[in-house]
Amino acid sequence: MGKHNFGYFVHEGLSNMFSHGFMSFAAIGITVACLLIMGTFSLVAVNANALLADLEQENEILAFIEEDCTDQQIKALEKTLGAVPNVTSVTFISREEAMEKFLEDYPDEEYFKDLDPEILRDRFSLKIDDLELISQTVEQVRNTQGIGGINAYEDVAGGFITVRNVASVVCIALIAILFIVSLFIISNTIRLTTFDRREEIAIMRMVGATNGFIRWPFVYEGFLLGLLGSTIAFFLQWMLYEAVSKGVSTNDALQLIDVVPFQQLWKPVALTFGCAGILIGVGGSLSAIRKYLQV
Amino acid sequence: MVESESAVIELKDVEMTYENGTKAVRGISLRIRPGEFVFLVGPSGSGKSTIIKLLTGEVEPSVGRVRVNGFSTRNISERQIPLMRRTLGVIFQDFRLIDKKTVYDNLAFVMRAVGASARESRQRIPYVLELVGLEDKAHSYPNELSGGEQQRVAIARALVNNPDTIIADEPTGNLDPERSLELMDLLVKINELGTTMVVVTHEKDLVDRFGKRVITIDSGRVINDSVGRYVGGHIHG
Ligand SMILES: Nc1ncnc2c1ncn2[C@@H]1O[C@H](COP(=O)(O)OP(=O)(O)OP(=O)(O)O)[C@@H](O)[C@H]1O
Ligand SMILES: [Mg+2]
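Protein chains in written order, with the numbering used here: chain A, 1 to 295; chain B, 1 to 237.
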């Protein structure tokens, strides 16, 4: 006694699995479906988050200054804007500097070469901290005396924030529900094999097998079901992800979106799927075997 | 206390009430010594199977104390029950063999269940099968055997882990008289090799024939405990 009879337990677990081929197949299928749904929503949330982080990095609000402001008023305005909550920096850009920048960004456009800076306005470039608060910040800047207009991506940011928040909430709810569903299905599959083996279990108990010894084959059965489910789910998720990112990058309306490459995500995805699958499988088997081990 | 050391089985003022309120055992004290052969007899519903269940730890006494091979089944810990059961071999009226396994695998299965290696099984099983006279049936399946042969497989299975005590609940209940006699002869032979034997039976003729200690139970009490004869009135299966 004492040593863990790994080969025996795995063999028994496998033969349990094959003795109910169809139910095992169904249990694996459900686990795959659950993991895929969880995974898809999580990956959407991850991408929305990445996009938001990008926007946060690049995002500047341009606040245009009224034509009739004096240098002194501009100085005061800079201070006022700096004090607006959520604004982290205020940089003054003169119309000449704006023109230069413009020409740098579009060097090939001969047409702009002779443009008079006078058609541009002096402006402030504002950096903000939290994109979620961008609407309030924009509103406050717009209402500041001396600001004649504003240019911000608040709609874009708002869109991504909504996507991310919805994905996160759906994600958490789905994970909870699907986790319970898969646990239930796996538990029922294993309950079938424990039912098939109730005589063997009764005999083992009668001759003095420990609960651990009786339990292990079923734990391995659950483990194998979960592991198989998560492996299949991983590869399907990978294929699905590649297909969707290809679709996004070739779609005219969506090509601005930078999809995070799967290479950066496969490790956490594999780890999460593996852990979730094994947890579902082992949890399901423990709940299935529990009633046979009383008395 | 010194006395109880020498008993392998001891019941002291034991009462047992099932959850539905049935009082199956109503104050039994008895002691069985190492190497004894004991018949437990009595009418149907008198509490014999309940006493067997008290010995195997399937049920706990509501009152009193049960000791089996050094384990006290009152307050026994969850972990100790398997160890206690390893000192017992149990035989039932309905054999309870695994139909999908051969005779050999039925025995190997219970050896493995308590941690024996395949090598130990290969050494032990032929010996036990020879003892019960089934050395040529090792690779048969239970449903290829007669009732008497199946019950001998069950005896072999009870023996294979080398228990101190064998407990049999109506082992001959499903057998014709001739097979019953053969089987009882076999149990006596095993007892003579040193295993304590507790046998529940209805069969008066058999009991009278062997001249062993007979404990008669009625309505959850011991009404007679003497050597040799089945005392008591009407007996029905
Ligand atoms: N699981 C149970 N739950 C409730 N009552 C039970 C249970 N098992 C047995 N009994 C009752 O306990 C009493 C004793 O039953 P037990 O099985 O010990 O009798 P027995 O002597 O073995 O009878 P038989 O010779 O018919 O096998 C009976 O009245 C029976 O109905
Ligand atoms: Mg009975």
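Worth flagging that the hints you see were computed from the coordinates, not collected in a lab.
Hints may contain errors.
Listing some non-contacts, in silico: residues in chain B with all C-beta distances to chain A over 10 Å [unchecked claim]:
(1) Ala7
(2) Thr22
(3) Thr56
(4) Arg86
(5) Tyr141
(6) Glu144
(7) Gly148
(8) Asn161
Derived coverage of chain B by chain A (criterion: at least 3 residues anywhere in the stretch with Cβ under 8 Å from a Cβ of chain A; other residues may be distant) [claimed, not checked]:
(9) 61 to 69
(10) 102 to 113
Beyond 10 Å from chain B on every Cβ pair, some chain A residues (computed) [to be verified]:
(11) Lys127
(12) Phe160
(13) Glu200
(14) Ile203
(15) Met204
(16) Val207
(17) Leu265
(18) Leu279
(19) Ser287
Glycine is no exception: its CB is placed at the ideal position from the N, C-alpha and C atoms.
So, going through the hints one by one against the coordinates:
no.: 1; hint: Ala7; verdict: holds, 21 Å
no.: 2; hint: Thr22; verdict: holds, 17 Å
no.: 3; hint: Thr56; verdict: violated, 7 Å
no.: 4; hint: Arg86; verdict: violated, 4 Å
no.: 5; hint: Tyr141; verdict: holds, 15 Å
no.: 6; hint: Glu144; verdict: holds, 18 Å
no.: 7; hint: Gly148; verdict: holds, 20 Å
no.: 8; hint: Asn161; verdict: violated, 6 Å
no.: 9; hint: 61 to 69; verdict: violated (count 0)
no.: 10; hint: 102 to 113; verdict: holds (count 4)
no.: 11; hint: Lys127; verdict: holds, 65 Å
no.: 12; hint: Phe160; verdict: holds, 56 Å
no.: 13; hint: Glu200; verdict: violated, 6 Å
no.: 14; hint: Ile203; verdict: violated, 6 Å
no.: 15; hint: Met204; verdict: violated, 4 Å
no.: 16; hint: Val207; verdict: violated, 5 Å
no.: 17; hint: Leu265; verdict: holds, 45 Å
no.: 18; hint: Leu279; verdict: holds, 25 Å
no.: 19; hint: Ser287; verdict: holds, 19 Å
Checked against the numbered hints given earlier, this structure breaks hints 3, 4, 8, 9, 13, 14, 15, 16; the rest are met.
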